[in-house]
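Protein chains in written order, with the working numbering: chain A, 1 to 119; chain B, 1 to 111.
Hints in this document: simulated from the structure, not taken from any laboratory. A quick note: this is a predicted structure, and the numbers were derived from the prediction, not measured. It is possible that part of the hints are untrue.
Claimed, not checked - In silico BS3-like cross-links for lysine-lysine, where the CA-CA straight-line distance does not exceed 27 Å:
no., chain 1, residue 1, chain 2, residue 2
1, A, 9, B, 42
2, B, 70, A, 53
3, B, 70, A, 41
4, B, 67, A, 53
5, B, 67, A, 38
6, B, 103, A, 9
7, B, 2, A, 53
8, A, 40, B, 42
9, B, 42, A, 22
10, A, 18, B, 67
11, B, 56, A, 18
12, B, 2, A, 18
13, A, 53, B, 56
14, A, 38, B, 42
Stated by the list, open to error - Far from chain A, some chain B residues (derived; all Cβ distances over 12 Å):
no., residue
15, 4
16, 31
17, 44
18, 45
19, 66
20, 92
21, 106
Glycine included, C-beta positions come from ideal geometry on N, C-alpha and C.
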Amino acid sequence: DTEVTQTPKHLVMGMTNKKSLKCEQHMGHRAMYWYKQKAKKPPELMFVYSYEKLSINESVPSRFSPECPNSSLLNLHLHALQPEDSALYLCASSQALLGAQAGASNEQFFGPGTRLTVL
Amino acid sequence: QKEVEQDPGPLSVPEGAIVSLNCTYSNSAFQYFMWYRQYSRKGPELLMYTYSSGNKEDGRFTAQVDKSSKYISLFIRDSQPSDSATYLCAMSGSGNTPLVFGKGTRLSVIA
Numbered sequence: 001d002t003e004v005t006q007t008p009k010h011l012v013m014g015m016t017n018k019k020s021l022k023c024e025q026h027m028g029h030r031a032m033y034w035y036k037q038k039a040k041k042p043p044e045l046m047f048v049y050s051y052e053k054l055s056i057n058e059s060v061p062s063r064f065s066p067e068c069p070n071s072s073l074l075n076l077h078l079h080a081l082q083p084e085d086s087a088l089y090l091c092a093s094s095q096a097l098l099g100a101q102a103g104a105s106n107e108q109f110f111g112p113g114t115r116l117t118v119l
Numbered sequence: 001q002k003e004v005e006q007d008p009g010p011l012s013v014p015e016g017a018i019v020s021l022n023c024t025y026s027n028s029a030f031q032y033f034m035w036y037r038q039y040s041r042k043g044p045e046l047l048m049y050t051y052s053s054g055n056k057e058d059g060r061f062t063a064q065v066d067k068s069s070k071y072i073s074l075f076i077r078d079s080q081p082s083d084s085a086t087y088l089c090a091m092s093g094s095g096n097t098p099l100v101f102g103k104g105t106r107l108s109v110i111a
């Protein structure tokens with residue numbers, strides 16, 4: 001099973017709303033990622049968690065707040081977003097970051113994404 | 001020069017054709033190479049994963065890596081209309097370096 005699930009599939013929110021995106025995997029992966037993808041562009045890395053600890057934050061604005069409550073779940077909390085934040089938000093997972101676990105693969109498996117529209 | 005260059009297309013081929021998709025890169029530290037297929041408004045799907053140089057085959061798909069030329073390819077044999085999608089190359093070095101994606105090539109296979 002190489003499935004990463006994401007909820008919701010679609011989300012429309014106002015600039016004053018607070019919402020959360022959820023991601024789940026049951027492959028025993030210990031690295032999880034959030035990406036943002038605009039139309040006709042490749043995914044852009046936002047955050048990386050390794051063993052439930054934030055490993056990489058690609059200078060993402062504080063209105064995006066990630067959380068990894070356990071090894072299977074990854075959340076992205078949204079607050080005071082701007083219309084330019086509208087995009088497809090993708091979650092991915094891999095066995096581990098290279099070097100974090102002997103013999104682990106860094107193949108990343110993506111979820112279907114949450115299409116976010118900020119009004 | 002961008003780290004990863006990929007022709008965005010669009011590339012249009014007839015059904016049954018052999019498709020060749022390519023990426024070039026500048027960072028000699030890249031060792032892990034991936035190809036993803038992404039249908040419109042869906043998440044990327046991992047097609048091929050290779051380490052270092054060489055070929056890898058999986059069904060109708062063949063991935064090639066030539067590290068000396070810093071060039072990777074994905075070949076699709078007997079292309080089908082269902083192969084119509086955007087194909088993204090991605091690569092990374094050792095350590096905790098993030099994946100670097102190409103811009104993606106949009107492929108249309110015409111029945």
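Now the hints, each set against the structure:
Of the supplied pair hints, the one linking residue 9 of chain A and residue 42 of chain B holds, its CA atoms being roughly 10 Å apart against a limit of 27 Å. Restraint check: the Cα-Cα separation between residue 70 of chain B and residue 53 of chain A comes to about 34 Å, which exceeds 27 Å; the hinted pair is violated. Only pairs whose Cα atoms come within 27 Å are accepted, and residue 70 of chain B paired with residue 41 of chain A is accepted, the gap being roughly 22 Å. Distance restraint check for residue 67 of chain B and residue 53 of chain A: the Cα-Cα separation of roughly 33 Å exceeds the 27 Å cut-off, and the hinted pair is therefore not satisfied.
Of the supplied pair hints, the one linking residue 67 of chain B and residue 38 of chain A is violated, its CA atoms being roughly 30 Å apart against a limit of 27 Å. Our distance criterion of 27 Å between C-alpha atoms is met by residue 103 of chain B and residue 9 of chain A, whose separation comes to about 24 Å. Straight-line distance between C-alpha atoms of residue 2 of chain B and residue 53 of chain A comes to about 31 Å, which puts the hinted pair past the 27 Å bound. Between residue 40 of chain A and residue 42 of chain B the alpha-carbon distance is near 12 Å, which keeps this suggested pair within the 27 Å criterion.
At most 27 Å may separate the alpha-carbon atoms for a hinted pair to count; residue 42 of chain B and residue 22 of chain A meet this at roughly 16 Å. Pair hint residue 18 of chain A plus residue 67 of chain B does not hold up; C-alpha atoms about 46 Å apart against a cutoff of 27 Å. A distance of roughly 45 Å separates the Cα atoms of residue 56 of chain B and residue 18 of chain A; the hinted pair therefore is violated under the 27 Å criterion. Between residue 2 of chain B and residue 18 of chain A, the direct Cα distance comes to roughly 36 Å. Violation of the 27 Å bound is thereby established for this hinted pair.
For the proposed pair residue 53 of chain A and residue 56 of chain B, the alpha carbon gap of about 34 Å is over 27 Å, so the pair is violated. The suggested pairing of residue 38 of chain A with residue 42 of chain B holds, with an alpha-carbon distance near 12 Å, which does not exceed 27 Å. With a closest Cβ-Cβ approach of about 9 Å to chain A, residue 4 of chain B is found to fall inside the 12 Å limit, against its non-interface label. Non-interface call for residue 31 of chain B relative to chain A: violated, since the shortest CB-CB distance, roughly 9 Å, does not exceed 12 Å.
Consistency note on residue 44 of chain B: stated as away from chain A, yet its beta-carbon is not over 12 Å from all of that chain's, at 5 Å minimum. Not every Cβ of chain A is farther than 12 Å from the Cβ of residue 45 of chain B; the closest lies at roughly 7 Å, contradicting the non-interface assignment. In this structure residue 66 of chain B is separated from chain A by more than 12 Å, as the shortest Cβ-Cβ distance comes to about 21 Å. The beta carbon of residue 92 of chain B is not kept farther than 12 Å from every beta carbon of chain A, the shortest such distance being approximately 7 Å.
A beta-carbon of chain A is positioned within 12 Å of the beta-carbon of residue 106 of chain B; the least distance is around 8 Å.
Violated hints, listed in ascending order, are 2, 4, 5, 7, 10, 11, 12, 13, 15, 16, 17, 18, 20 and 21; each of the other numbered hints is respected by the structure.
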